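Participant: With the hints as constraints, model all of the structure from the sequences given.
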Amino acid sequence: MTDILKRNHVTVSGNGTQAMVFAHGYGCDQQVWSDIIKGFLSDYKIVTFDYVGAGLSDLDAYSSQRYSTLNGYAQDVLEVYQALNLKDTILVGHSVSSMIGLLAAIEKPELFSKLIFLGPSPRYLNDGDYFGGFERQDLEDLFTMMDNNYLGWSRALAPSIMGNADRPELGERLTNNFCATDPEIAQEFARVTFLSDNRADLPKLTVPSLTLQCSKDIIAPIQVGQYMHDHLQHNTLMIMDAEGHCPHMSAPAETIRQMQAYLNK
Amino acid sequence: MNDAEHKAFLDSLVDLSSLYENAPCGYFSFTRTGQVIKINKTLLDWLGYEREQIVYALNFTDLISRGGKIYYEMFYFPLLQLQSAVNEINFDFIRKDGSRFPALVNSTVIRSSGGELLAVNATVYDITDRKRYESELLDAKKLADAERSRFEFLSDFIPDMIWTASAEGKLNYVNKRFRDFFELPDTSTDTANIFQKVHSKDRFLLVSSWVKAIRSGQDYQTQARLMDSTGDFQWYLVRAVAFRNRDGVIVKWMGSSTNINTHVTAMEKMDEFISVASHELKTPITALLGSLQVMQRFKDSESGLKMMPRLIEQSHRNAVKINELISDLLNTSNLKEGQMALNMARVNVAELLKLTCPHVAGEGVFELVITCDPELVVIADENRIDQVLVNFVNNAVKYAPDGEQIFLTAEVIDDDLVRIAVQDTGPGIASERISSVFDRYYRVSNAGHQYSGLGLGLYICAELVRKHGGNIGVDSQLGKGSTFWFTLPRAK
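Residue numbers (our numbering), protein chains in the order written: chain A, 2 to 266; chain B, 194 to 685.
Derived from the structure by calculation, the hints contain no laboratory data. Only a predicted model underlies this, so the values are computations on that prediction, with no experimental measurement involved. A hint or two may mislead.
[Claimed, not checked] Capping the alpha-carbon separation at 27 Å, the derived lysine-lysine pairs in DSSO-like fashion look like this:
1. B/K369 x A/K217
2. B/K462 x B/K231
3. A/K46 x A/K88
4. A/K266 x A/K39
5. B/K289 x A/K217
6. B/K335 x B/K369
[What the hints assert, rightly or not] A few chain B residues that don't get close to chain A, going by computed Cβ distances all over 12 Å:
7. L310
8. R418
9. P567
Think of the CB as a built atom: it goes at the ideal place given N, C-alpha and C, for glycine as much as any other residue.
Facilitator: Now the structure itself:
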């Protein structure tokens, strides 16, 4: 039987009883939450993990077929829930993880009490009247950039990442420097992320949710946050002062404040 | 001026601002939100902007492609946050006029005492040239790969085995056919496997002439028997020519191995035929000469005159034999060159069968049993078809001397075809030989039996029947006899 906790490099911390599960976005791993979880450690049980293919997950568990849709990643989430026997949780998802969390919560709504979406988008590509922010050409441009930076990527990784099984302290040190996936997996995840369309799933969500929308985010523009809010039941929309797509990293204080405000409401 | 003052003076000569502005790479700094707060002249020139159009006016992301913006948000910025320094990220910068150039960006983070990211300092290298070389390299590689696969395709599907060897004679490439023949694993050109399949009698010549070619630089050519997958040896012509560089030095050998088994076998048969033909002709000529000598010596004596009729009869018989042999040879070469003309006419088959082979019928040793519809008519050259029948019947007499009856049968096998067969009650023909009996120079040779003849008779029959548009064949059972048959177009 697969050890899910190992496969997804699941980390549990915090002093509370209710679980807050943090799902990282595309291109990173659970380290991106380090500033945010500080704000919740004393009140919640904090669960962070890496999707298969990201961070310190088991890369051998990656399957192009399973992860060819966001639903494959939603199964990762639900399997982590099952492994930890989590119920009555708050799921915080950044970027594409908002949609992954949404899919998981549609499948097993009983496990979730609230969802927090950070910079969500149900559809990145423009489509008729729908404004997602991207043209297909932009994505091709991005994929080319990812190809171009393959070498840059591997240089950004510690070259000694290979063969450290007998030196666990090296892996420990790397977790502080390492925020990249295998380039091929990154490419496939990018395609799944940017080409998926979850607009039809929005009305199916019954769990209450918060949309944290940055001002000036080119990945998830404000129109997209509004679209989310308009098509979700029981959704609260908060526009942040923070700019960019990663408020949890660029403006952790404001992000924590907004989340707490919603949770304590 | 003391030492310290002097150094301070020298330091004052270093114009940091000018160095910053005119460095061969771009410098710029931006805040956490991407707002550009300082930029050097080099980067401004590359981008085609005035300073005030950028500083405090534009964001880093305004200067890069759309894909770059996404990349910035999803990878670059999180990476900066986590690592505080990110090197060699390839962004496409957009100039004021909308054109692009690729650049590598190295970035380091300035943080507050609380660890908050305040600003990013970045250097920019224009890599337009490198990109061009890279893409040319990539194109060249693609071209080379395409050429290579085209060559391999050609080389693998050519009917010969193709190989190359180093100047020293070591095999370094073999095509698929070569690999398959010698059952070599994917990349190996191990000669041990190869030598096992060379006939032991040919190995020495193969290697010694190869060594000689390598030493002399002259073309390599030899023949050897190689064992195919069924374990049979087949003759191959093995050749190689030296490929020389501009200085005339041999850099490679290009070789081929061609199956010449059919050719070699035909040559062997031809040699054998010449020896058989010489022998066959020599026998009646020797006998003829003997008769003539006797005639000459005794022509004036009375007892000699008494011998004359017998000697003349002997001479005549041998001359007829020689004539038959030469006719066969002429027939063969005429047939081969397509010079034999047929006089086609309506021929009554029953009549033809009745009149054929008076020499056999007249002798009374064999009975020719004819079964034929008296009305049956074919389109044929009567003389040529008679020649075929004579051949068949003579064979029956020759190979089945103890039989008493030879059956001549003609029947309609479909509306348009008549099948004529000559059946003997002789020993029959072994099945593995049946397919060869109509070949040129083929002679049945049973152990203990030697039959005379050129081995041309049945070959000529087959050619004649084919010229009539018919088929020829033989059905035989060992111990029961053989049926030689042919078909002809039926006349209506």
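Participant: The structure should be examined with respect to each hint, and the outcome stated for every one.
Facilitator: Going down the list of hints, with the structure as the test:
Between the alpha carbons of B/K369 and A/K217 the distance comes to roughly 61 Å, so the proposed pair goes past 27 Å and is violated. For the hint pairing B/K462 with B/K231, the CA-to-CA distance comes to about 95 Å; that exceeds 27 Å, so the pair is violated. Under the criterion of a C-alpha separation no larger than 27 Å, the hint pairing A/K46 with A/K88 is consistent with the structure, at around 12 Å. For the given pair, A/K266 sits about 20 Å from A/K39 by alpha-carbon distance, which is consistent with the 27 Å threshold.
A hinted pair counts as satisfied when its Cα atoms are at most 27 Å apart, and B/K289 with A/K217 qualifies at roughly 22 Å. At roughly 23 Å between alpha-carbon atoms, B/K335 and B/K369 fall within 27 Å of each other, so this suggested pair holds. Not every beta carbon of chain A lies more than 12 Å from that of B/L310, the smallest distance being close to 7 Å; the non-interface claim is violated. Against chain A, the non-interface label of B/R418 holds: every CB pair exceeds 12 Å, the least being about 52 Å.
The Cβ of B/P567 lies farther than 12 Å from every Cβ of chain A, with a closest approach of about 82 Å, so its non-interface assignment holds.
Checked against the numbered hints listed earlier, the structure breaks hints 1, 2, 7; every other hint is satisfied.
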